[in-house]
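Here the protein sequences come in this chain order: W and H. Okay, so the first sequence: first residue is 1334 according to my numbering, each after it adds one. Okay, so the second sequence: first residue is 53 according to my numbering, each after it adds one.
To be clear, the hints were calculated from the coordinates, so they are not data collected in a lab. Predicted, not measured: the structure shown is a model, and the values here were computed from it. Treat the hints with care, since some could be wrong.
Unchecked claim - Pair ranges (Cβ atoms, derived):
1) V288/H to P1909/W: 35 to 45 Å
2) N1916/W to V288/H: 53 to 63 Å
3) G1839/W to V288/H: 38 to 48 Å
4) D93/H to P1909/W: 32 to 42 Å
5) G1839/W to D93/H: 14 to 24 Å
6) P389/H to G1502/W: 24 to 34 Å
7) Q246/H to Q1849/W: 13 to 23 Å
8) N1756/W to D101/H: 54 to 64 Å
9) D349/H to R1846/W: 41 to 51 Å
10) G1502/W to Y203/H: 44 to 54 Å
11) E1709/W to T174/H: 55 to 65 Å
12) K1759/W to A150/H: 49 to 59 Å
To be verified - Restricting the straight-line Cα-Cα distance to at most 30 Å, the calculated cross-link-like pairs of lysine-lysine (DSS-like) are:
13) K1479/W to K272/H
14) K1656/W to K1632/W
15) K1882/W to K123/H
16) K290/H to K1845/W
17) K342/H to K227/H
18) K332/H to K111/H
19) K272/H to K1841/W
20) K1841/W to K87/H
21) K369/H to K1845/W
22) K1821/W to K1845/W
23) K1759/W to K1794/W
24) K111/H to K1479/W
25) K368/H to K272/H
26) K382/H to K1841/W
27) K368/H to K1845/W
28) K382/H to K1845/W
29) K369/H to K1884/W
30) K1894/W to K1884/W
31) K123/H to K1880/W
32) K1884/W to K1841/W
33) K290/H to K1841/W
34) K307/H to K1841/W
35) K1365/W to K1349/W
36) K1885/W to K123/H
37) K1841/W to K84/H
38) K332/H to K342/H
39) K290/H to K1479/W
40) K1821/W to K1632/W
Heads up, the beta-carbon is just placed ideally off N, CA and C, and yes, glycines get one too.
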Amino acid sequence: MKTVKQQEKYHLDCIKALKKTQPWSLGSELEKLAVERGDHPAVIFYDRVISYAEFNRQANRYAALFSGQGLKKGDVVALMMAGRPEYLFAVAGLSKLGIITALLTPEVRGEVLAASINMAEARAVILGHEYLDLFQGISERIRMRKPARKLVECESQCPELPAGFENLGDELAQVGEENPGTTAEVNSDDPLVYLYSAGSSGNRKAIPVLHKRFLAVGHKAGAFCHMNYDSIQYMSLPLHFNSGFNICFGGMIATGSTMVLRKRFSVHEFWDVIHRYKVNYFVAVGEMCRYIFNQVARKDDRDNTLETVICNGIWGGMIDPFKQRFGLKHVIEIYGSTEGVGSFINYQEIKDMCGNLTLGGIRQGEVVRCNFDTGELLKDDNGYLIKCTPGHTGVLICEINELNVFTGYLNDAEATEAKIIRNAFKQGDQYYITNDLMELHEGDNVSFVDRLGDSYRWKGKTVSAHQVADVLLKFFGPIDDVTVYGVKVPGMEGRAGMAAMTYIEGEKMDWKRFIQYVNDRMPEHARPLFLRIVQDSEGVNLLDELKNKYKKEGISPLTVKDPMFFLDPVKESYVPFTMETYNAILENKIRF
Amino acid sequence: MNLSEFKTLDEYMEITHSYMLKVNPFYGEFLKAMKYFDVLDALQHPTADWSTPNNVIYKNQTLWLRHFPNKRQNDAKRPVLILPPQAGHHSNLADYSAAQSLVRVFHRYGYDVYITHWQSATQEYKDLGMNDYIRLTDEAVDQIRERTGVYKIHIVGQCQGGWQSAVYTSLHQDKIATLVSAAAPIDVFAAPSQIVDNAQLPMEFFEFLVAQNNGLMNGKFMLQGFKSMQAEEHYVRKYFRLWDWIQNNDEDAIKRFSYFENWYEYTQFLPGRFYLDIIKNIFKENNLTKHGAFSLDGVPVDMANITCPVIIMAGKKDHITPPPQAFALKHLVSTPPEDVVEILTDGGHIGTLMGTEALREDWTAVNEVLRLAI
């Protein structure tokens, strides 16, 4: 058994080794764990305890089933399922054949979801029974490649499936569970999954994640974030999230640790789960920590097994109180993107920082000067970018190299190219533009400031302003033009959506239909919390030009003179946004 | 009371109305009645206009081809040509109002839009027949292809424009990427409807109607036909509703009523020969369901020649084209079943073609499917 220090060194060595192509993959690592730690619990899902050996056997069934269907390396299978062990079995099993799993985002709806499925050009789809209705609702807009099988994972239930859908459980029961011979044909440079993201602008895009990145992120959790053999992590993030898939699942595979899996996060059951399974590790997004912290304090708050919390986007002022109240050893802020170029981990736990430009001796990126209104990167007389000095804010760019690979956006060369800057500091180099503003501090530490571009983060999720505007515009009726942007809400992490709209002259909004439309087509985090009815639009795209001005004006009725509406979380409808409501937000009387 | 004491006539009228309401309890009702008649009087001379800016780019005989440039987002691979119905109404159905426009829906999805604006026929064109309208459609398609450099375009037919699009596609499949047929009668015997029953009157009856206008079919006759199918609604109920809205001072509803009635009551002439061709081939002999049963300019019309993706729309409550009549197209084309999409709207006939809900829920689905077409 290795010591913690030895384990950390092992993970560091693995990260360095991954600069070159290695015969490693999710499948190969899983098969290794099934031999070395076969009896160790891999996943605990309520009362199910699944050992690594069992996990591997289940994954093999998926490999056997799809291999029998003629699917092979490079093919794509789409997956939409709640966080259940079968989700992980499917990805792992398919990966052994070199099949790429497109991890669909069920939070998006209608047209956007259909487009996500279509862009993957999947040959089959695996659906959790919980998403069958959602899928059927858009089935006419979906195009898949042959054999275009639609398999439903019924979670031991036997519902009557509609025509054209097959029961995955029945199919899996008929195949073997031996390791397939194809695992060795998959290496670290092969794609493992597609993750979806709004990026920093435009529509949702599919991002290929290589085995290399999955394993590297997992080893980083081991090397820098205290995840080890004995870790028992509470995992309630969606598995189609970068953090859920790469950090939590990747970390589990890289360290051979245990994951206590839940379908969704529940603040009410949080401590029960921690106590019941002796959980010592938790990966969260910012809001989760606030929800936990907002619970009524108890005398035994510190009486728990939790040691380490990894968090993306926690409000700086909360880290110390959070750590002290629950008696935690570590609260580590991280920063990253779904595109996955560069890793930023505040493993030294320096107050208010989200990482350092150098991680484990490997330079991750630079903070460079920019025009804050346009996002344009500024250059010196030689045509090179200008690095910020400590105390200054600029755009974070991350070096693209053999370890930090930018795989780009699937079938979208234009969007891919827009994220790359070449010859940034010397001829031949290339960097990934995050479009995130960071402040540079002494010692190359960085802290997150804001997001440029047309996306913003709300409730831990990235929202594409462009996509929200597109959905709102397609309400048609009285809406003439829309621009969407994120606004700061006092006391909240991230930015809430604000839609500035103009009406067609003489037309009125049918609010009842509008909220129904918004609810049907957008997940909760994407629904604009505020609407601003702008009266004097003079032409196409005028609103876009005024976006920065509107953004600065925020939500205060003292600065915004146009009529505003607010998505009342209690009434679940848009109501006029008044000074009284604004004050209620300031006084933290309204919970989002 | 001296008239010169009032600054404006409105002020004078207001005082007068207040006085009259005080001394005569029936005066309020009188004002409402006046308004009722004013609303109806304004409908005596309906007008037709387009809501979205456009240019006429081609004219020949009864065809004006209108181009609706997409100024906001023009990134779709292929342009869209809409063929509106020719049932006595104006072609602006596809661009009914700024808030209720099919053109706007296509624009939002990045399409450049063209519409065949069929002119009211004059004596000069009384002998144009089905073959001529397919020829004119071909001229429109070629104009678009030349302007855009796109070899195949999407064609969208509404109601009578639907069978026209289907016939055109069957004859010129090489020029069409996708066929959209909305609330279009294809197999008129697939489900009963009053319009088909009426069409079974002797041919002489229809020839008589045409002869009455010296070889032209008056749209007013067709409008009366449509109204007679829901006589109570068109001659009684809607007037009660109007009165209720006036009573309740519901200006929005009155505005919507006036806008719709203005469109509905605006009629134009069809060439008599074209009208009679339709009655015979579509409504009497159901020839669209019979492969090669009739020819246009010597070429047999056969729906089996259609091989492109097909989107068929129909309205659940459509009493003019019941859904089975429209969906029958899928059995006639050679398009693989997986490339035929059926969309059933919750609306009636006009609702399916231009209703707010259909535009938002169903025509957006058409656009999403259309984007999948190669």
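Do the hints match the structure? See the list:
1. Separated by about 41 Å at the C-beta atoms, V288/H and P1909/W satisfy the suggested range of 35 to 45 Å.
2. Checked against the hint of 53 to 63 Å, the pair N1916/W and V288/H passes, with Cβ atoms roughly 54 Å apart.
3. For the hinted restraint 38 to 48 Å between G1839/W and V288/H, the CB-CB distance of approximately 29 Å leaves it violated.
4. The hinted window of 32 to 42 Å between D93/H and P1909/W holds, with their beta carbons roughly 39 Å apart.
5. Between G1839/W and D93/H, the C-beta spacing of about 22 Å keeps the proposed range 14 to 24 Å intact.
6. Distance hint check: the CB atoms of P389/H and G1502/W are about 29 Å apart, consistent with the given range 24 to 34 Å.
7. At roughly 34 Å, the beta carbons of Q246/H and Q1849/W sit outside the given window of 13 to 23 Å.
8. Range check, N1756/W to D101/H: Cβ separation about 56 Å, and the 54 to 64 Å hint holds.
9. Under the hint 41 to 51 Å, the C-beta atoms of D349/H and R1846/W, about 48 Å apart, fit the expected range.
10. The given range of 44 to 54 Å is respected by G1502/W and Y203/H, whose C-beta atoms sit roughly 48 Å from each other.
11. At roughly 60 Å, the beta-carbon separation of E1709/W and T174/H lies within the given 55 to 65 Å, and the hint holds.
12. In this structure the hint that K1759/W and A150/H lie 49 to 59 Å apart at CB holds, the actual value being about 55 Å.
13. Restraint check for K1479/W and K272/H: not satisfied, since their Cα atoms lie roughly 53 Å apart, outside the 30 Å limit.
14. A threshold of 30 Å between alpha carbons decides the hint, and for K1656/W with K1632/W the separation of about 15 Å falls inside it, so the pair holds.
15. A threshold of 30 Å between alpha carbons decides the hint, and for K1882/W with K123/H the separation of about 24 Å falls inside it, so the pair holds.
16. For the given pair, K290/H sits about 25 Å from K1845/W by alpha-carbon distance, which is consistent with the 30 Å threshold.
17. About 23 Å separates the Cα atoms of K342/H and K227/H, which keeps this hinted pair within 30 Å; it holds.
18. For the hint pairing K332/H with K111/H, the CA-to-CA distance comes to about 28 Å; that is within 30 Å, so the pair holds.
19. Of the pairs offered as hints, the one joining K272/H and K1841/W is violated, with about 33 Å between alpha carbons and a cut-off of 30 Å exceeded.
20. Straight-line distance between C-alpha atoms of K1841/W and K87/H comes to about 23 Å, which keeps the hinted pair within the 30 Å bound.
21. At most 30 Å may separate the alpha-carbon atoms for a hinted pair to count; K369/H and K1845/W meet this at roughly 23 Å.
22. Between K1821/W and K1845/W the CA atoms are separated by roughly 27 Å; this keeps the pair inside 30 Å, and the hint holds.
23. Under the criterion of a C-alpha separation no larger than 30 Å, the hint pairing K1759/W with K1794/W is inconsistent with the structure, at around 35 Å.
24. Of the pairs offered as hints, the one joining K111/H and K1479/W is violated, with about 46 Å between alpha carbons and a cut-off of 30 Å exceeded.
25. Of the supplied pair hints, the one linking K368/H and K272/H holds, its CA atoms being roughly 27 Å apart against a limit of 30 Å.
26. The suggested pairing of K382/H with K1841/W is violated, with an alpha-carbon distance near 39 Å, which exceeds 30 Å.
27. Annotation: proposed proximity of K368/H to K1845/W holds, straight-line Cα distance about 23 Å (limit 30 Å).
28. The suggested pairing of K382/H with K1845/W is violated, with an alpha-carbon distance near 37 Å, which exceeds 30 Å.
29. A hinted pair counts as satisfied when its Cα atoms are at most 30 Å apart, and K369/H with K1884/W does not qualify at roughly 46 Å.
30. Between the alpha carbons of K1894/W and K1884/W the distance comes to roughly 14 Å, so the proposed pair stays at or under 30 Å and holds.
31. Between the alpha carbons of K123/H and K1880/W the distance comes to roughly 20 Å, so the proposed pair stays at or under 30 Å and holds.
32. For the proposed pair K1884/W and K1841/W, the alpha carbon gap of about 25 Å is at most 30 Å, so the pair holds.
33. Restraint check for K290/H and K1841/W: satisfied, since their Cα atoms lie roughly 23 Å apart, inside the 30 Å limit.
34. Simply put, K307/H and K1841/W have alpha-carbon atoms about 12 Å apart, close enough for the 30 Å limit, and the pair holds.
35. The suggested pairing of K1365/W with K1349/W holds, with an alpha-carbon distance near 20 Å, which does not exceed 30 Å.
36. Taken as a hint, the K1885/W and K123/H pair is honoured in the structure, with Cα atoms around 28 Å apart against an allowance of 30 Å.
37. With a CA separation close to 24 Å, the supplied pair K1841/W and K84/H stays within the 30 Å bound.
38. The hinted pair formed by K332/H and K342/H meets the criterion: a straight-line CA distance of about 14 Å does not exceed 30 Å.
39. Using a Cα cut-off of 30 Å, the hinted pair K290/H and K1479/W is violated, with the two alpha carbons roughly 53 Å apart.
40. For the proposed pair K1821/W and K1632/W, the alpha carbon gap of about 34 Å is over 30 Å, so the pair is violated.
Checked against the numbered hints above, the structure breaks hints 3, 7, 13, 19, 23, 24, 26, 28, 29, 39, 40 and satisfies the rest.
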